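Protein chains: 2
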Amino acid sequence: MRYKITIEYNGSSFSGWQKQQHSANSIQETIENAIFNFSGEKVTLHCGGRTDAGVHALGQVAHFDMEREFELYRIRNAINYHLKSTPIVVLNTEIVDDAFHSRFSAKKKYYEYRIINRYAPAALEAGYVWQVFNPLDVNTMREAAKHLLGKHDLSSFRSKDCQATNPIRTIDDIEIIQNGSYIYIKISAISFLHNQVRIIVGTLVEFGKNRTNPQEMLNILTQCKRNAAGVTAPPFGLYLVKIDY
Amino acid sequence: MRYKITIEYNGSSFSGWQKQQHSANSIQETIENAIFNFSGEKVTLHCGGRTDAGVHALGQVAHFDMEREFELYRIRNAINYHLKSTPIVVLNTEIVDDAFHSRFSAKKKYYEYRIINRYAPAALEAGYVWQVFNPLDVNTMREAAKHLLGKHDLSSFRSKDCQATNPIRTIDDIEIIQNGSYIYIKISAISFLHNQVRIIVGTLVEFGKNRTNPQEMLNILTQCKRNAAGVTAPPFGLYLVKIDY
Numbered sequence: 001m002r003y004k005i006t007i008e009y010n011g012s013s014f015s016g017w018q019k020q021q022h023s024a025n026s027i028q029e030t031i032e033n034a035i036f037n038f039s040g041e042k043v044t045l046h047c048g049g050r051t052d053a054g055v056h057a058l059g060q061v062a063h064f065d066m067e068r069e070f071e072l073y074r075i076r077n078a079i080n081y082h083l084k085s086t087p088i089v090v091l092n093t094e095i096v097d098d099a100f101h102s103r104f105s106a107k108k109k110y111y112e113y114r115i116i117n118r119y120a121p122a123a124l125e126a127g128y129v130w131q132v133f134n135p136l137d138v139n140t141m142r143e144a145a146k147h148l149l150g151k152h153d154l155s156s157f158r159s160k161d162c163q164a165t166n167p168i169r170t171i172d173d174i175e176i177i178q179n180g181s182y183i184y185i186k187i188s189a190i191s192f193l194h195n196q197v198r199i200i201v202g203t204l205v206e207f208g209k210n211r212t213n214p215q216e217m218l219n220i221l222t223q224c225k226r227n228a229a230g231v232t233a234p235p236f237g238l239y240l241v242k243i244d245y
Numbered sequence: 001m002r003y004k005i006t007i008e009y010n011g012s013s014f015s016g017w018q019k020q021q022h023s024a025n026s027i028q029e030t031i032e033n034a035i036f037n038f039s040g041e042k043v044t045l046h047c048g049g050r051t052d053a054g055v056h057a058l059g060q061v062a063h064f065d066m067e068r069e070f071e072l073y074r075i076r077n078a079i080n081y082h083l084k085s086t087p088i089v090v091l092n093t094e095i096v097d098d099a100f101h102s103r104f105s106a107k108k109k110y111y112e113y114r115i116i117n118r119y120a121p122a123a124l125e126a127g128y129v130w131q132v133f134n135p136l137d138v139n140t141m142r143e144a145a146k147h148l149l150g151k152h153d154l155s156s157f158r159s160k161d162c163q164a165t166n167p168i169r170t171i172d173d174i175e176i177i178q179n180g181s182y183i184y185i186k187i188s189a190i191s192f193l194h195n196q197v198r199i200i201v202g203t204l205v206e207f208g209k210n211r212t213n214p215q216e217m218l219n220i221l222t223q224c225k226r227n228a229a230g231v232t233a234p235p236f237g238l239y240l241v242k243i244d245y
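Those protein sequence lines, which keep their order, are chains P and W.
So for the first sequence, the UniProt record's numbering puts the first residue at 1; every next one is plus one.
So for the second sequence, the UniProt record's numbering puts the first residue at 1; every next one is plus one.
Think of the hints as simulated: they come from the structure by calculation, not from any bench.
As the structure is a prediction and not an experimental result, all values here were calculated from the model.
Treat each hint with caution, since some may be false.
For chains that are exact copies, the list does not tell them apart, and a pair is met inside one copy or across any two.
Computed cross-link-like contacts, DSBU-like style, restricted to lysine-lysine with a CA-CA straight-line distance of at most 30 Å [claimed, not checked]:
1) K4 - K84
2) K107 - K209
3) K209 - K84
4) K160 - K42
5) K186 - K242
Construct the entire structure; sequences and hints are all you get.
See below:
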């Protein structure tokens, strides 16, 4: 039986989603262990969007195959029971067709990046938002972001470690919302290159800081090299919000 | 010179705003110490809305008198420097008239109470929202809340330890916002009785859980005794949002 689970986690204390040879602190392994502890089965968990160390999720999706059958609410509660000392929570459990794959069946992924734009440090959200001291011009950021929409070679916006063979991606939407000192950058696409959201955010912040001509984004895009773009925004401001199937 | 400061804090680790004889862990004392550390003056800090242990603030307001004069941004930065190991931050500093008093000059105070209404525990907001497992009917809560608007004897909604001589208060507005699993209850008034917001929230949650006839709120109100109302919601879901002057 194939199960699909939706997961929320605070990524602060983890080495990222993916299980690594020499690290026991991945989200994947933590959940796999919780599943083993209640079912006695060693399963392999596949996720919809691999998150890096420190990145959070409000709606990560993963699937796994398990021999034994349990009622869905029991699976959720049992995994959560074994995760109770961790900041990982299973929100929902579904039975899916064997053809379902959390990564390959994904139709759209939604990320949100949270910035606090003020001089005073964050007391309540410290460690969960990126603090940018200089005042950001959100309209410049919005204009610059428009040039990224649609299908492009996004080589300027991927980590040097990105292992994707094809750097072409289609960005469906970039929405920038300002609410008091907070700025939320929401980006959706069917798939992303490694660090793509964080490099786009880092670049948009430079546009906002310096009120750079938004047309300059086209120049960054067409150079197709990582150092044309801005810094990689820190992981702790990034949230994988949901995945559509 | 009288200074007005606006403050954000995470109340989780504090005994509350007010300095106590036998506790060194009040927010008031922590900030007074920070002011002493940069100015060498022992000031007394008066706040707009005293918050209990565990209650947070996004926009607490306080005032103090200081002999020496400093530029406003230097006061903010110097206090924040001395608060940097604490989850307290001064957002803003102003010079005010000697007649200004953070409590007595207040025109309106805004509180927000945050609930997560789902069965799965909170991974990201754990300790910053009240988790209510049973599904809440928000419309019932909204209807019940309407009966509390305006001027009433709120004896049913005050702590047994409340020291106010007069239990009559005027509630200006109660707004209940639902966003996914989150429910935000926003209450504004010129002043509040002790635990008033938390008891109102605890009572509204019981209406939402049991779909109690909203008219029943009138009965609770007119009984004018604490045990007519519901539980006191936990402190960690409560935020003092702002104070108008």
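Hints, one by one, checked against the model:
1. K4 - K84: Within one copy only: 20 Å inside, 43 Å across.
2. K107 - K209: neither (34 Å within a copy, 36 Å between copies)
3. K209 - K84: between (42 Å within a copy, 25 Å between copies)
4. K160 - K42: Result: close neither inside a copy nor across copies, 34 Å intra and 54 Å inter.
5. K186 - K242: both (11 Å within a copy, 27 Å between copies)
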